[in-house]
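As you go down the protein sequences, you meet chains Y and S in turn.
Numbering-wise, the first sequence is residues 1122 to 1599 according to the working numbering.
Numbering-wise, the second sequence is residues 1122 to 1599 according to the working numbering.
Since the hints were derived computationally from the structure, they do not count as laboratory data.
Be careful, since some hints might not be right.
Put simply, identical chains are the same to the list, so a pair is met inside one copy or across any two.
[Claimed, not checked] Quick list of in silico lysine-lysine cross-link-like pairs, BS3-like style, CA-CA up to 25 Å:
(1) K1493 with K1220
(2) K1220 with K1267
(3) K1538 with K1357
(4) K1493 with K1443
(5) K1241 with K1125
(6) K1443 with K1178
(7) K1455 with K1241
(8) K1493 with K1473
Protein chains: 2
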Amino acid sequence: MADKLTPRHEDFNEWYNTLVLRADLADYGPARGTMIVKPYGWALWENIQQALDQRFKATGHLNAGFPMFIPYNFMQREAQHVEGFSPQLAVVTHGGGEKLEEPLVIRPTSETLIGHAFAKWVNSYRDLPILLNLWNSVVRWELRTKLFLRTSEFYWQEGHTAHATREEADFETRQMLDVYTDFAVNEAAVPVIPGEKSAMERFAGADQTLTIEAMMGDGRALQSATSHMLGQNFAKAFDIQYLDRDNTLQYVWTTSWGLSTRFIGAIIMVHGDDQGLILPPRVAPYQTVIVPIFKNDEEQSAVMAVTERVRQELTGAGVRVKVDNRDTLSPGFKFNDWELRGVPTRIEIGPKDVAQNSVALARRDRPGREGKQFVSQEGLANTVQSLLSEVQAALLERARQFRNEHTHDVDTYADFKEAIKTGFARVWWAGSDADEQRVQEETKATLRCFPLDQPGGSGTCFFTGQPAERMAVFGRAY
Amino acid sequence: MADKLTPRHEDFNEWYNTLVLRADLADYGPARGTMIVKPYGWALWENIQQALDQRFKATGHLNAGFPMFIPYNFMQREAQHVEGFSPQLAVVTHGGGEKLEEPLVIRPTSETLIGHAFAKWVNSYRDLPILLNLWNSVVRWELRTKLFLRTSEFYWQEGHTAHATREEADFETRQMLDVYTDFAVNEAAVPVIPGEKSAMERFAGADQTLTIEAMMGDGRALQSATSHMLGQNFAKAFDIQYLDRDNTLQYVWTTSWGLSTRFIGAIIMVHGDDQGLILPPRVAPYQTVIVPIFKNDEEQSAVMAVTERVRQELTGAGVRVKVDNRDTLSPGFKFNDWELRGVPTRIEIGPKDVAQNSVALARRDRPGREGKQFVSQEGLANTVQSLLSEVQAALLERARQFRNEHTHDVDTYADFKEAIKTGFARVWWAGSDADEQRVQEETKATLRCFPLDQPGGSGTCFFTGQPAERMAVFGRAY
């Protein structure tokens, strides 16, 4: 049997790094900072993509494909954008055997290309809004690789929209944050805090950045998706203007929003335990694994007949099923293997089950006997589907409870420092950028967001002692 | 009203280039050689992807994500591979503000990365076969851009498999060609000739390249997908070995196969006419467009009520429907617009139709009155679905007939030269590489393939006069 994972409380990083490899989600690519997403990780990503894509289309967005190459001068047109992204760029200097006249940047994000295209496509108010989404990969140079969390190339979607008015762009920015929140909570069972970023943490080129922040199993924060109101910054940098109903030239208002394979890191770190992954049923590549158990040919043929019938019934009911019929491995090894890989439910079928018209049904989120029951083969698809719903709800509830237990309202710096050792600190905040910077330097905690859900009223800033209008959530972040 | 397209017989290239832009399929990116695939083109690509992806999964393949960066030295390990791809590479020399120790190549194709990964992942015969597919984009430097056909970056899928035996790899190579043929014929209504490439036209690093070749509306050939038997070339270059059942180290056998957004070019050029695109119903983003017709508010409310009911009924039956309710355009303009964009059927609903419980139903492949009928609103979903099947079959039949009429069996060089002016020449062939090269230089026609479907027997090579065992198809190609 394979070695046990390092327990999470001993070394959370080590647990994570080993688990990603052992669960066969991803591997390191040969070029520094690159990642290979293996089939099991990619299937998880495809399920995430599908859940998001449906929501994007339901809100009127269309997918498109934009090139990976950006002329170098494009990056320089929006002052904050170039400042934010310059240190991270990968640059193509040679193509087709010759040195290029102007180097090309591999997109770190596509606002500049989008700005150029929108300027070409938009003439009148009739051309607005434009609601686009791109599924692609982007490159931001990284020296310290961590699979799914920090790689030079990562997969994501980037939404880009243009609107006639500020109100519409504001609505869009918030709408897409709501879409992300809905996805995170209801598909990935990841409770998130929707909120607004401070000026310091804003996207380079945005007037406002909204975010969803999640708490990982070690109490640290992970920014899980962002939605940016870009104001007229890119409209002015790329001259995106339209004739309004009064025949007057106006700049458009743009937004952008993204969620990446980083979110897979969130799923791993929110739900996983010392035995391995626990995947939320709605996004799990396999929702149930069937392990047939037999000792001789006679048992095998009886067991495999039931296994095949059960597989067909479940598949027909829309359950994603894997039958583990590897012939060189013991059932015990397989149980551990699929626990490590986080399949939310397991069905065991042995000769006794064949005789009794039953199966053993185990849930991944409750280890050992407590999570295992013997159920009838009759109506098994319904039984499994109910259990999957139960597991999905239980994962969300557990994560929510963990987060609540590790979030503390504090009003002194001493309590703040204590709180962010194990989780989030929620505080009244009236500090300046410099204050925010100082807190970060002294504690390594950053202002994750001003939650949209505010208690109301006002309080006293824990750091400056000044009156404060808003509460903020701080935490150490990935 | 917008200008008419250049008729195809006047200038096929001009017709194509204008149509791609006017039909809103794609646009030029700002960096030389790059392409923006606009939402309408991308929706077509998504339907192609889905049709292929189902077939790949049904034959046991799993999707994965591989990085775009290849260390420069990887390209040099397989001698023919580097020779074939070197002139087309895009090279990243700087990352994160610093010059890289070793430049990175942006993948022109991923055999080398796959070779490296397979070497890591394969140990024993139990790890085989590995059956992977990647959906991504690749970069091959191009100076003369032609949207969908020749761009520096293009979208595709690349399948990569490793097998224990030559027989299995041969089977896979042929199986995937059959998958492409099935897709082309039954989804895209593009009749293709499955065949084998000559040594000169093989993929750089392959022992054998299979291809499907289609004839465009101007008689020229388009290589529409390829499937390569890579032998042990990459296994040896990247040291991919496994322990067989007798505990002996063996090299694996690998294959690769791909279909790209080039295929969209084939769909445009096979089916389009002087009015614009004609999209095969099975891959068309919209299968039917509803144009409501009214003159006043009263008519509008009656017509829109029926339009909405029809839309719901069709959508519920799985038909992809677009309602064109743009309020500043006339019905006539809309008819032309959707004809240009190739929507296979059109439904017109006016006040008379409301009164008579009917709609006008037009098919795109038969212009004017001949293709238009008045049908009852009762059972309209069935009526539309039948018509879509009919259009799908008619497009395939028309393309097949065109190809057959423009394919000539010839046995003299004079007749050969005549045949390839308007289409394909089918000939007995026993020439050498040098002969093949000479034919190309003298006529611009290339050996497209040795069709898998051979007449049997033998004949006399039209070029060398030598006895020949196989017939070949020649044509001028894109």
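Here's how the hints hold up against the structure:
1. With identical chains, the CA atoms of K1493 and K1220 are never at most 25 Å apart, being 64 Å at best within one copy and 57 Å at best between copies.
2. In this assembly of identical chains, K1220 and K1267 lie within 25 Å of each other by CA distance solely across copies; the values are 23 Å between and 33 Å within a copy.
3. Proximity of K1538 and K1357 under a CA criterion of 25 Å is satisfied in neither setting, with 43 Å inside one chain copy and 57 Å between copies.
4. Taking the shortest Cα distances, K1493 and K1443 sit within 25 Å of each other inside one copy (18 Å), while across copies they are farther apart (50 Å).
5. Taking the closest pair of Cα atoms, K1241 and K1125 come within 25 Å of each other only across two copies (22 Å); inside a single copy the shortest separation is 57 Å, beyond that limit.
6. With identical chains, the CA atoms of K1443 and K1178 are at most 25 Å apart between copies only, with a shortest distance of 14 Å across copies and 30 Å within one.
7. Proximity of K1455 and K1241 under a CA criterion of 25 Å is satisfied inter-copy only: 23 Å between copies versus 57 Å inside one chain copy.
8. In the homo-oligomer, the alpha carbons of K1493 and K1473 lie at most 25 Å apart inside one protomer (16 Å), although the nearest pairing across protomers, at 66 Å, exceeds that limit.
In summary, the structure is inconsistent with hints 1, 3 from the numbered list given earlier, while agreeing with the others.
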